[in-house]
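Peer 1: Below, each chain spelled out in residue letters.
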Amino acid sequence: MSNNIPSDLKYTKSHEWVRQGAPNGTLEIGITDHAQSALGDLVFVEVPDVGRALSEGEACAVVESVKAASDVYSPAAGKVVANNSALSGKPELLNEDPYGAGWLFRLETSGTLNAASLMSASAYESFLAEEAK
Amino acid sequence: MAFIPHTPEDISRMLEVIGARSIEDLFDEIPADLRAGVLNVPAPLSEMEIARLMTERAALDGRPLNFIGAGAYEHHIPAPVWAIATRGEFYSAYTPYQAEASQGTLQLIYEYQSMMCALTGMEVSNASLYDGASALAEACLMAVRSNRGSSSRRILMPRTVNPTYAQVAQAIAGNQDISFVPVDFDRTVGRTALDALKPFSGQDFTALVVQQPNFFGSLEEVDALTDWAHHNKIMLIAVVNPTSLALLKAPGEWGAVVAGARGADIVCGEGQALGVPLSSGGPYFGFMATRMQYVRQMPGRIVGGTVDVEGRPGFTLTLQAREQHIRRSKATSNICTNQGLMVTAATIYMSLLGPRGLEAVAQASMQRTYDLVSALNKVPGVKRAFTAPHFHEAVLLLDRPPAPILAALSRRGILGGLDLSERYPELGHALLVCATETKLDADIAAYTSGLAEVMSASRAAA
Chain G
33 MSNNIPSDLK YTKSHEWVRQ GAPNGTLEIG ITDHAQSALG DLVFVEVPDV
83 GRALSEGEAC AVVESVKAAS DVYSPAAGKV VANNSALSGK PELLNEDPYG
133 AGWLFRLETS GTLNAASLMS ASAYESFLAE EAK
Chain P
132 MAFIPHTPED ISRMLEVIGA RSIEDLFDEI PADLRAGVLN VPAPLSEMEI
182 ARLMTERAAL DGRPLNFIGA GAYEHHIPAP VWAIATRGEF YSAYTPYQAE
232 ASQGTLQLIY EYQSMMCALT GMEVSNASLY DGASALAEAC LMAVRSNRGS
282 SSRRILMPRT VNPTYAQVAQ AIAGNQDISF VPVDFDRTVG RTALDALKPF
332 SGQDFTALVV QQPNFFGSLE EVDALTDWAH HNKIMLIAVV NPTSLALLKA
382 PGEWGAVVAG ARGADIVCGE GQALGVPLSS GGPYFGFMAT RMQYVRQMPG
432 RIVGGTVDVE GRPGFTLTLQ AREQHIRRSK ATSNICTNQG LMVTAATIYM
482 SLLGPRGLEA VAQASMQRTY DLVSALNKVP GVKRAFTAPH FHEAVLLLDR
532 PPAPILAALS RRGILGGLDL SERYPELGHA LLVCATETKL DADIAAYTSG
582 LAEVMSASRA AA
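Top line first, the protein sequences correspond to chains G and P. Going by the numbering used here, the first residue of the first sequence is number 33, and it counts up by one from there. Going by the numbering used here, the first residue of the second sequence is number 132, and it counts up by one from there.
Possibly wrong hints are sitting among the right ones.
[Unchecked claim] When the alpha-carbon atoms are kept at most 27 angstroms apart in a straight line, the in silico DSSO-like pairs for lysine-lysine are as follows:
1) G:K111 to G:K45
2) G:K122 to G:K99
3) P:K380 to P:K364
4) P:K329 to P:K380
5) G:K45 to G:K165
6) G:K111 to G:K165
7) G:K111 to P:K329
8) P:K380 to G:K111
9) G:K165 to G:K99
10) G:K122 to P:K461
11) P:K514 to P:K461
12) P:K461 to G:K99
13) P:K461 to G:K45
14) G:K99 to G:K111
Rather than coming from a laboratory, the hints here were simulated on the basis of the structure. Treat the numbers as computed from the prediction; the structure is a model and nothing was measured.
Model the full structure from these sequences, guided by the hints.
Peer 2: Laid out in structure tokens, this is it:
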């Protein structure tokens, strides 16, 4: 199982990653290497529309492989300011580069991040180890 | 392929493995007061007994001369249709989908989907749904998932849509926070009034439903309705009679090109007219087709063409990831059974008739209805209700309540149509009549003289 966990990102229990300090102080959001690897080859990615207001934990994107379709949950409340339209034609970008070209959307948050719901890289790594037991 | 139920030994072995004493134990989380208790079902009958019972019941229907349509249509079904559909290779209580064991069934469904796409002018069809009414309900749910420019969950439902379909859509989608807004029709013309849509212009609606031909048999102004919807960023759901599509413009070609696309966004309807007998109301089958851009929001099974590991062509279920066996409560639909056997009959029916045969059926049915309406229009106290052109159904206005007239006709072995006075009280004494290619000149003459006599007797008695 592929298991790359960059140390500069935050993580959720539902396997999203959050990059702080993206352009204009927005959050960049995607799914982890572990998640893409568990799903297998993606055939379709549905990203939220720009302008959509999201609440924390809201299902806002769908990643679909030949065997499963899974929701992606917003790690924070905010407004979608950008989405990765390249994924509609090339969903494999997410398999190949989950932390880079495979990003899903950018969020302009209204307040501060809910730190309690987000994990550091090392915490996520132990969370995965715990989940695998 | 054998589908053999579990034997008592199988059941006790399985119960043993999971540590349950009886099947009843598996339901112990359901409170006792919510259980159905003992079902009042009669004892089983032997094949001989059941055949006799059904023959007796069927005889009660008699063999009336039928002029009722209203969503279920009596067409001639060529003898090979059911001779082939009931062959052992096709005849099954449960459609087998395993690609490794069911290439014939899968190919047939693939051919069915291709035919429905050709008829509707759409890019992709599913393998069928339960019936026309629930197909419309599914189309409404699908529109709410697909129209990302709309957040209102409001759907415009013209009153010219089959009222039963509107009721089923309300029953299924209404509980999912979707509301339906009625649109009025023109009392003289008998179709949806474009003026009635004007107050809705610029508002947020998810979809507009258009039935063609509409419930009255009239032809709607589908191009204008489609354009209005698309200019207002509203999705267009077409409910169509597949027989009529042999003559009428395919929904995929309705309206002008707006934002690079044209035509209906979702097409659905009842497939019974394609080789399925009336059979006291079912089983029938629903169909649904759409554009590729919405395929992931379409409910139900879809069979795709593919190649196997050795590169040989074959067929398999595709786009399954959003179905209930994988997505559970988040599936596009939790009613995604297809009506395999009815679809088998429909596919054979369409193959045998071909495009020209289907066109001949449509043409003859329409002609017979024009003959019927012009004959009945001459009966004293009867006149045509609407001026719009119609397909194989039309509304008549009587000068007295239809119910006793229909009862008197029925005693003469004639089913004279559907009484609309309860569903559309504003129309007065309205009667919906239908004739298909199965009605001969003598049948139309028998109905005409029967109606004249019954009407005149009723007048004399008054």
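Peer 1: Can you give the numbers of the hints that this structure goes against, from lowest to highest?
Peer 2: Violated hints (numbers, rising): 6, 7, 8, 11, 14; every other hint is consistent with the structure.
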